[in-house]
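Going down the list, the protein sequences come from chains A and B. Residue 139, in this note's numbering, is where the first sequence stops; the numbers in between run on with no holes. Residue 117, in this note's numbering, is where the second sequence stops; the numbers in between run on with no holes.
By construction, these hints were calculated from the structure, which means they are not laboratory data. Misleading hints may appear alongside valid ones.
Selected chain B positions facing chain A (in silico; Cβ < 10 Å) [said to hold, decoys possible]: (1) A28; (2) N52; (3) F56; (4) S58; (5) T59; (6) R89; (7) I93; (8) L96; (9) D101; (10) Y103.
Cβ atoms here follow ideal geometry from the backbone N, Cα and C, with glycine treated the same way.
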Amino acid sequence: MEANGEPAVVELRIPCKPEYVGVARLALLGVASRMRFSYDQVEDVRLAVGEACTTSVEWATKNRRDDSEITVRSSITDDKLTVDIIDDAGEREESPGEQNKESDPQNLGALLITLLVDEVTVTPRNGGTHVKMVKYAGQ
Amino acid sequence: MNFKIDTYNMDSGVPVITLDGEVDVYTAPQLKQQMVSLLESGTTHMVIDLTNVEYFDSTALGVLIGGLKRIRERDGNLSLICPSPRIRRVFEITGLDKIFDIYDNAEEARSGIAALR
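For reference, chain B alone in the conformation it holds in the complex:
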């Protein structure tokens, strides 16, 4: 299965998880594990970069919603970078585009998060 996950920090220190390929019932547990380990290290802001995601299913949406709930409990936020109309559509038809801050690129996400903090 075509899937890769990486994490880097923005200049501001905000961690960005980048996903590449298909995020589904098989691969979403890796995303969950990465998000949990960032949350356990005390992260209050987190970005998930879906730029190179080719497929995103309900299991992956469930992982993001779970992460968003936990991070909001500590007054933080979880933002998404999602320029692909195909992937964004999954958020739009489920109405989840209204609960996540979704940006087109890393630069917009950086400015958006800076304004929040």
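Isolated chain A (complex conformation):
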């Protein structure tokens, strides 16, 4: 962990498939455990990253892109953890009638991410999506 300046970076690439989401969670558990996070905050990070990867996997399945990959990049400084989750799972376009279903896990997943981390942005990119989340340590 760097005291100041450039963050330390841990990058992981996983297949965009359900059975690999647990691998990303495990990696983030290791990363977050090294930081000044409480037990609950480490769990928050693990759950938020799991939800973001799950959403990527669900879109990959819908868009028939499950041969693609997810990149999970953690940037670590003394006071914050930034996690970039970048997929090539295709565009996230809901078909009419599929939106806002209460029990839709993707809505629940998005809600959980918002509640668990301090900042989250979701940006479409060429052929996929970039989710950036930030969690501040020592808060």
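Please build the complex by placing chain B on the supplied structure of chain A, with the hints as guidance.
Chain B alone, transformed into the frame defined by chain A:
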């Protein structure tokens, strides 16, 4: 992946699905399948025991909500056993602790269901 699913019946005949390990996008379909097969057999009350669950995500929550909707359509109920604060927290932050009956152990669930029936 560390996951196990089993089903047994309480003395009252109410089925209990016990889960062990991580319930997520990979393993939640097994929970769904088990719940659907109980619903198809005519079950009106069901308990899901999360005592040994180590991780529970939105996919798993979605499966429980879907099951609860179907079982309430036939005037039944789906109860949870969830003593772990870590897992209970997922229900609390999403507000779902208010729509599920959540018990600390099998004994409490048994009494709670007996009072409902």
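Do the hints match the structure? See the list:
no., hint, result
1, A28, "holds, 8 Å"
2, N52, "violated, 17 Å"
3, F56, "holds, 9 Å"
4, S58, "holds, 4 Å"
5, T59, "holds, 5 Å"
6, R89, "holds, 8 Å"
7, I93, "holds, 5 Å"
8, L96, "holds, 9 Å"
9, D101, "violated, 18 Å"
10, Y103, "violated, 22 Å"
Hint compliance for this structure: hints 2, 9, 10 are not met, and every other hint is.
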